[in-house]
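Student: Work out the full structure, taking the sequences as your base and the hints as a guide.
Below are the chains, spelled out letter by letter.
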Amino acid sequence: MSFALSERRVALVGANGSGKSTVLRCLNALVTPTAGRVLLHLPDVDGSPGKPVDPARSPAAARSVVGFVFTDPDAQVVMPTPAEDVALSLRRLRLPRAERDARVRAALAHVGLVDRADVPVHDLSSGQRQLLAIAAVLATGPRLLVLDEPTTLLDRRNTRLVRRTVDEVQVPVVLATHDLELAASCDRVLVVEDGRVVADGAPGPTLTAYRDLMDAT
Amino acid sequence: MRRPSLVPPHRDGTTWLHRAGPAPKLLGVAVAALLVVLLRTTGPLGGTALVPGALVLGLALVGHVHVGTPATVVLGMLRRLAVPLLVLAGYQGLSRGPVQGLEVLLDLSGLVLLAGLVTVTTPMDRMLDTVARAVSPLRRVPGLREHLHPDRVALTFALALRSVDVLWDVALQARDAARARGRGRDVRALVTPTVIRAVAHARATGDALAARGLVD
Chain A
2 MSFALSERRV ALVGANGSGK STVLRCLNAL VTPTAGRVLL HLPDVDGSPG KPVDPARSPA
62 AARSVVGFVF TDPDAQVVMP TPAEDVALSL RRLRLPRAER DARVRAALAH VGLVDRADVP
122 VHDLSSGQRQ LLAIAAVLAT GPRLLVLDEP TTLLDRRNTR LVRRTVDEVQ VPVVLATHDL
182 ELAASCDRVL VVEDGRVVAD GAPGPTLTAY RDLMDAT
Chain B
348 MRRPSLVPPH RDGTTWLHRA GPAPKLLGVA VAALLVVLLR TTGPLGGTAL VPGALVLGLA
408 LVGHVHVGTP ATVVLGMLRR LAVPLLVLAG YQGLSRGPVQ GLEVLLDLSG LVLLAGLVTV
468 TTPMDRMLDT VARAVSPLRR VPGLREHLHP DRVALTFALA LRSVDVLWDV ALQARDAARA
528 RGRGRDVRAL VTPTVIRAVA HARATGDALA ARGLVD
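Quick note, the sequences are listed as chains A and B, same order. Position one of the first sequence corresponds to residue 2 (the numbering used here), numbered consecutively onward. Position one of the second sequence corresponds to residue 348 (the numbering used here), numbered consecutively onward.
Don't read these hints as lab results, they were simulated from the structure. We treat Cβ as the ideally placed atom computed from N, Cα and C, and that holds for glycine. Hints should not be assumed to be uniformly reliable.
Facing chain B, a subset of chain A residues (Cβ under 10 Å, in silico) [stated by the list, open to error]:
1. Ser7
2. Ala84
3. Arg93
4. Pro97
5. His111
Examples of chain B residues toward chain A, derived with CB under 7 Å [unchecked claim]:
6. Pro356
7. Met471
8. Arg509
9. Asp533
10. Ala551
11. Thr552
12. Asp554
13. Ala555
14. Ala558
15. Arg559
16. Gly560
Tutor: Below, the structure is given as structure tokens:
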């Protein structure tokens, strides 16, 4: 597959095992392509064009600019409380404690979890845990947010919460999803089938093509 | 419903235990564990039977009351511990006598509650800093400089604490699945999925940590 993504919101849809997650994992070097190349051209914080990053060659550089949210927040959230988990993300930035605490509170406030900052993580709902996973990623100031099926394990109410949070994110977003409402809210949709992009374009016609493809097989 | 936890998370507070650094508290738990082992009836100093365990348990309970840990949290730790503790104590009681059984019961529950007192009064962030600082001098040992990363050791410590409850949940889910298939008494139906899911969880957690740039 070969494509360039420049839209603010891009969704990948496709059947299970079609290759969506593999594409996303190439973006921050969780998977290294055996052939071909991925290049990230992300603007710096000040808006100037940043240096291109090849995740396969510079995984650490890629991970410092690409925030990745997984389907299952339980694998991603490793600390006992939301505040501690967000603080864990910030450890690698080696910030002074006061600044770290302020950024923790700001990140949790952004996803509406600041009043749950110190409760045990296992007392949060699935949706809140997913929002926490997003907050922990956003706290580090990524320049691209990647989400791998962020709503798959959630009920409708929590799905709406996550969708709203993703809508409000200021950085570009690339996500894989089975949630067609979420895909429809993006600027561009790619349909992935057997490791290939079989449809690509605006959400309306592309999602129609996707539905036809799913119903035909 | 609030789920019980063997390793309860930090709760804000202003007691001297909250203000104390993590290092003396961790050291205190280590010393208590050492004394309990040394002073066991079968230990090298031997002969004091239930006293050390009862003292540690009493100390831990007083500590939890002092820092205001809710009773549900303390009972939750004991509930999580109940089955393995009763199995161990029962085995010791049957094979070596009731005093030894009771000794195991007191020793382990006391030490777990004492460790819980540390996690309740210490933010994990400070715990990580302390562990990272504690292992840093090891980097002076020839051959370790390139391979020992204090932050990774600290992260491993945190993951080990977190994994206690995660693995417990995985085992409970495997047990429920085995029961649902009518194989509640089949040890393989419990152990096999538990191990497989634990490994899958470990891999997923590894991926997530890598994605967060915490192991680069």
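Student: Taking the closest Cβ pair, is histidine 111 of chain A under 10 Å from chain B?
Tutor: 17 Å, violated
Student: Could you check if serine 7 of chain A really has its C-beta closer than 10 Å to a C-beta on chain B?
Tutor: 23 Å, violated
Student: Using Cβ atoms only, decide whether alanine 551 of chain B comes closer than 7 Å to chain A, and label the hint accordingly.
Tutor: 4 Å, holds
Student: Does glycine 560 of chain B pass the interface check with chain A, least Cβ-Cβ distance below 7 Å?
Tutor: 4 Å, holds
Student: Can you verify the interface hint for alanine 558 of chain B: is its Cβ closer than 7 Å to any Cβ in chain A?
Tutor: 4 Å, holds
Student: Is the hint on arginine 509 of chain B kept, meaning its closest Cβ partner in chain A is under 7 Å away?
Tutor: 5 Å, holds
Student: Holds or violated: is there a CB of chain A closer than 7 Å to the CB of aspartate 533 of chain B?
Tutor: Where the cut-off is 7 Å and the nearest Cβ of chain A is about 26 Å from aspartate 533 of chain B, the hint is violated.
Student: Can you verify the interface hint for aspartate 554 of chain B: is its Cβ closer than 7 Å to any Cβ in chain A?
Tutor: 6 Å, holds
Student: Classify the hint on threonine 552 of chain B as holds or violated, based on whether any CB of chain A lies nearer than 7 Å to its CB.
Tutor: 5 Å, holds
Student: How about arginine 93 of chain A: closest beta carbon in chain B under 10 Å, or not?
Tutor: 6 Å, holds
Student: If you take the shortest Cβ to Cβ gap from proline 97 of chain A to chain B, is it below 10 Å?
Tutor: Because about 13 Å separates proline 97 of chain A from the closest Cβ in chain B, which is outside the 10 Å limit, the hint is violated.
Student: Under the criterion of a CB-CB separation shorter than 7 Å, is alanine 555 of chain B in contact with chain A as hinted?
Tutor: Because about 4 Å separates alanine 555 of chain B from the closest Cβ in chain A, which is inside the 7 Å limit, the hint holds.
Going down the numbered hints, you'll see the structure goes against 1, 4, 5, 9, while the others check out.
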